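So the sequence lines, in the order shown, correspond to chains A and B. Taking the UniProt record's numbering, the leading residue of the first sequence gets 1, the next gets one more, and so forth. Taking the UniProt record's numbering, the leading residue of the second sequence gets 1, the next gets one more, and so forth.
Honestly, the hints are just simulated from the structure, not real lab data. Please note that the accuracy of each hint is not assured.
Derived pair list, reagent style DSS-like, types lysine-lysine, alpha-carbon separation capped at 30 Å [said to hold, decoys possible]:
no., chain 1, residue 1, chain 2, residue 2
1, B, K138, A, K51
2, A, K336, A, K48
3, A, K309, A, K412
4, A, K33, B, K415
5, A, K33, B, K51
6, B, K231, B, K48
7, B, K33, A, K51
8, B, K415, B, K336
9, B, K48, A, K51
10, A, K33, B, K138
11, B, K336, A, K48
12, A, K336, A, K270
13, A, K138, B, K12
14, A, K309, B, K12
15, A, K51, B, K415
16, A, K12, B, K309
17, B, K51, A, K48
18, B, K33, A, K309
19, B, K33, B, K270
20, A, K138, B, K33
21, A, K231, A, K51
22, A, K138, B, K51
23, A, K336, A, K51
24, A, K33, B, K293
25, B, K33, B, K48
26, B, K138, B, K293
27, B, K12, B, K48
28, A, K138, B, K415
29, A, K138, A, K33
30, B, K415, A, K48
One-sided excerpt, in silico: chain A residues whose CB lies under 10 Å from chain B [what the hints assert, rightly or not]:
no., residue
31, R81
32, D141
33, M429
Beyond 10 Å from chain A on every Cβ pair, some chain B residues (computed) [said to hold, decoys possible]:
no., residue
34, P15
35, S41
36, P108
37, D141
38, D224
39, K231
40, P305
A quick note: this is a predicted structure, and the numbers were derived from the prediction, not measured. The C-beta atom is built at its ideal place from N, Cα and C for all residues, glycine as well.
Number of protein chains: 2
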Amino acid sequence: MRLSRYFLPVMKETPADAQIASHRLMLRAGMIKQASAGIYSWLPLGYKVLKNIERIVHEEQIAAGHIPMLMPTLQPADLWRESGRYDAYGPEMLRIRDRQDRDMLYGPTNEEMITDIFRSHVSSYRDLPLTLYHIQWKFRDEVRPRFGVMRGREFYMKDGYNFDLTYEDAMHAYDRHMVSYLRSYERMGLRAIPMRADSGPIGGEDTHEFLVLADTGESEVFYDSTILDMKLGDRGIDYYDRAGLRNICETWTTPYARTDETHDQSLFEKIPEDRRRESRGIEVGQIFYFGTKYSAAMGATVAGPDGAKVPVHMGSHGIGVSRLVGALIEANHDEKGIIWPEGVTPFHVGIVNLRQGDGDCDAACERLLEATTALGLEPLYDDRNERAGAKFATMDLIGLPWRITVGPRGLKEGKVELTSRRTGESEEMSPEAAIDRIAQIYGIGHTPE
Amino acid sequence: MRLSRYFLPVMKETPADAQIASHRLMLRAGMIKQASAGIYSWLPLGYKVLKNIERIVHEEQIAAGHIPMLMPTLQPADLWRESGRYDAYGPEMLRIRDRQDRDMLYGPTNEEMITDIFRSHVSSYRDLPLTLYHIQWKFRDEVRPRFGVMRGREFYMKDGYNFDLTYEDAMHAYDRHMVSYLRSYERMGLRAIPMRADSGPIGGEDTHEFLVLADTGESEVFYDSTILDMKLGDRGIDYYDRAGLRNICETWTTPYARTDETHDQSLFEKIPEDRRRESRGIEVGQIFYFGTKYSAAMGATVAGPDGAKVPVHMGSHGIGVSRLVGALIEANHDEKGIIWPEGVTPFHVGIVNLRQGDGDCDAACERLLEATTALGLEPLYDDRNERAGAKFATMDLIGLPWRITVGPRGLKEGKVELTSRRTGESEEMSPEAAIDRIAQIYGIGHTPE
Chain A
1 MRLSRYFLPV
11 MKETPADAQI
21 ASHRLMLRAG
31 MIKQASAGIY
41 SWLPLGYKVL
51 KNIERIVHEE
61 QIAAGHIPML
71 MPTLQPADLW
81 RESGRYDAYG
91 PEMLRIRDRQ
101 DRDMLYGPTN
111 EEMITDIFRS
121 HVSSYRDLPL
131 TLYHIQWKFR
141 DEVRPRFGVM
151 RGREFYMKDG
161 YNFDLTYEDA
171 MHAYDRHMVS
181 YLRSYERMGL
191 RAIPMRADSG
201 PIGGEDTHEF
211 LVLADTGESE
221 VFYDSTILDM
231 KLGDRGIDYY
241 DRAGLRNICE
251 TWTTPYARTD
261 ETHDQSLFEK
271 IPEDRRRESR
281 GIEVGQIFYF
291 GTKYSAAMGA
301 TVAGPDGAKV
311 PVHMGSHGIG
321 VSRLVGALIE
331 ANHDEKGIIW
341 PEGVTPFHVG
351 IVNLRQGDGD
361 CDAACERLLE
371 ATTALGLEPL
381 YDDRNERAGA
391 KFATMDLIGL
401 PWRITVGPRG
411 LKEGKVELTS
421 RRTGESEEMS
431 PEAAIDRIAQ
441 IYGIGHTPE
Chain B
1 MRLSRYFLPV
11 MKETPADAQI
21 ASHRLMLRAG
31 MIKQASAGIY
41 SWLPLGYKVL
51 KNIERIVHEE
61 QIAAGHIPML
71 MPTLQPADLW
81 RESGRYDAYG
91 PEMLRIRDRQ
101 DRDMLYGPTN
111 EEMITDIFRS
121 HVSSYRDLPL
131 TLYHIQWKFR
141 DEVRPRFGVM
151 RGREFYMKDG
161 YNFDLTYEDA
171 MHAYDRHMVS
181 YLRSYERMGL
191 RAIPMRADSG
201 PIGGEDTHEF
211 LVLADTGESE
221 VFYDSTILDM
231 KLGDRGIDYY
241 DRAGLRNICE
251 TWTTPYARTD
261 ETHDQSLFEK
271 IPEDRRRESR
281 GIEVGQIFYF
291 GTKYSAAMGA
301 TVAGPDGAKV
311 PVHMGSHGIG
321 VSRLVGALIE
331 ANHDEKGIIW
341 PEGVTPFHVG
351 IVNLRQGDGD
361 CDAACERLLE
371 ATTALGLEPL
381 YDDRNERAGA
391 KFATMDLIGL
401 PWRITVGPRG
411 LKEGKVELTS
421 RRTGESEEMS
431 PEAAIDRIAQ
441 IYGIGHTPE
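The task is simple: from the sequences and hints, build the whole structure.
Structure follows, in structure tokens:
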């Protein structure tokens, strides 16, 4: 993409009403624009990051055997009357009346609707296990929306629902979700720690939240520092291997890690003092097992092997897709701007032309643009007639992890400069070597000719 | 995908309240479930088709140089008061009041919001031309929603907006949209005819609708049969070549083609009688040029080369993504069910095991599943313990364009059967030959070893 043809309205000034780094940087980098309180348009750069996160979530859910679908944003109130939540939910539920005077609502979550779909179509244990999920816009009418997309009103979320015959099967689903979530966060370049949590208004028995450590987090968190050394890495995961999954989940949930809601000081103090950590965290996901709460209330039963009808065991599992964009920035930025992890970056590499209009520089940049595109990468080429300083400032602000700088002096020696946004380190090399390095970083096979 | 692990709730009985083929077939094939009047959940099979259509639209818009972003579903009423449409729009606009008593609405379209984004960030002609688009859920509170997703209330639509300095530039944008739309429909396997249209409530000067011929269409259409021979085919299109684009558009809009709204009988009668056609059509897209209607009302101006501020020329351009799922079925079905064009099919090939549990049949099916998946295709393997007739009926109903049937008799001779859903013709061949044929059909390069 040529910047001259793109829509990237960066701002120099710091927006006055944005209280946290991610909100300020998303506005300054031209990622979002507020439409009304807690409701945002995703400008092209922000949209690309949102989609990258969505893609990772989809890929990992599908790998875990979960089935994508899509429920609508508006729901009939009657479904929520069945579960008893229509009255219980309070003013955060956006209630709507349509032209026929029917009570509707903008879904804040989908337990009722998915249970209705299930009970309409499934009647035998033979159709289980089943986990359905969707990624859809939701609405929570927060009394004081703030922190940009971190606590917005209209937000994008993945929510998945498992239906199982037995508690053991539902725990298998629980474990699949925990592991697929850990893998999703890792691919995004995020460390998210599973912490024993409170069940809140959804109601539940077993539940874990996933928290990203960040000073601006809304939760106080307490954990054993050994958890910081854990990593799934590239290991192959067999989501049908129950014992293997359980083992991973036990490894990850054994070290003490809790939010202030469930914190137990006496347990915490049993950890050796040098491993005790207190910090703040941002919640980016939660998994719940809630048994037959909705299935019993709404009549979602199946005939078991003996023919008797039993309510199914359910759980629900969410990842905050739009919130993750903010959380990623909270965990990855410096005073100059955002620093995207490679897994979610909106463009893989920036190309900066230090002397626009110079024949050699222009030609070298065009070749880099072409070669990186041919590899399946998305480069962003700053081809504007701007000073070098302004171009660097824009690249630093929008946070592409790698930058290739092309200038007349270097080109005379056949060199360009490859710079890491994270470390700030630069290295001179031939354009070909820079392309090879970028391909390697993004794991693109490059057969030598 | 193994059918035993999928969620495909097909129905044998014909739903009583579904009046047209696409609605009936989408319900019977387990593609959608009504959530409330005119609002649908997209079950896994329907979701896949919806996403395939969305992907084609994205790819062709990006190829045309248009930039994806995303606006929210809920909009503040104030923006619509500025354009004067808040009062003008009538009861089809779903009006919402939030907990702070602010007037909101569920966006039926986005001219106001995109104009607001534009005026907030763009002030110079140097930033033009610019075309932004998004694919987002919209709502129109139809008084009598019907025909399933064809006239639903919550619907998924691509809407794009061009901003240009001059009329000529705006016409270039108009032409880019016409050609990219024609190409999108062709890739979906649809013939959609551009017809001179009425501008309706959006207001406009130049406008064309795209209509798919189908007996159940809501519009009466009149056209010259020569347009049925036109095809873009595989030709390369340079979206920066204004004359070339204009030429394509003129070729496509020269033969008489109008809906009842703009029909002119005396012009129609000038066509040789044997080429006159009267039929019905389904609208699946529309492009508008409306000049400075919104930019003047809302102050979206840029400084031109001479420094003087001028309102920008705009147009808006829509493709009904969710409606297309219905239109595709209206144009592609028979008494047994749906017949998906290859470009949008939810699975590329069905694998039917005639004797589940037979070691040879099971092994052959597993190999087919593996080999087609390895090619990057998505097969659907019917591995249920069902009679052959039931398996064939399901495959015919859900409409996968190709089916490989594996049975004990054929396998003895090393043969499976490859069947075209469209023609019903079957051919016996080795499993390897069937895989090669499928790869060829979907244009997957298959280097001979």
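Take a quick look at whether B/K33 and A/K309 sit within 30 Å of each other, Cα to Cα. 24 Å, holds
Holds or violated: A/K138 and B/K33, Cα atoms, limit 30 Å. Since the Cα atoms of A/K138 and B/K33 sit roughly 19 Å apart, the hinted pair holds (cutoff 30 Å).
Would you mind confirming whether the straight-line C-alpha gap from B/K231 to B/K48 stays at or under 30 Å? It holds: about 27 Å lies between the C-alpha atoms, which stays within 30 Å.
Run the distance test for B/K415 versus B/K336: straight-line Cα separation, threshold 30 Å. 26 Å, holds
Far enough from chain A: is every CB of that chain over 10 Å from the CB of B/D141? B/D141 is in fact no farther than 10 Å from some Cβ atom of chain A, at 5 Å.
Run the distance test for A/K336 versus A/K51: straight-line Cα separation, threshold 30 Å. The given pair, whose Cα atoms are some 24 Å apart, holds under the 30 Å limit.
Given the hint that B/K33 pairs with B/K270, does the C-alpha gap stay at or below 30 Å? Not satisfied, since the Cα-Cα distance of roughly 47 Å exceeds 30 Å.
Does the alpha-carbon distance linking A/K33 and B/K51 stay inside the 30 Å limit? With Cα atoms ~26 Å apart, A/K33 and B/K51 stay inside 30 Å; holds.
Does A/K48 sit within 30 Å of B/K415, going by the straight-line distance between their CA atoms? Violated, at roughly 47 Å.
Given the hint that B/K12 pairs with B/K48, test it: the Cα-Cα distance must not exceed 30 Å. With a Cα-Cα distance of about 22 Å, the restraint between B/K12 and B/K48 holds, given a limit of 30 Å.
Verify the proposed pairing of A/K12 with B/K309, using a straight-line Cα cut of 30 Å. 24 Å, holds
Please check whether the beta-carbon of B/D224 is more than 10 Å away from every beta-carbon in chain A. 38 Å, holds
Hint violations for this structure: numbers 3, 4, 11, 12, 13, 15, 19, 28, 30, 31, 33, 35 and 37, all remaining hints satisfied.
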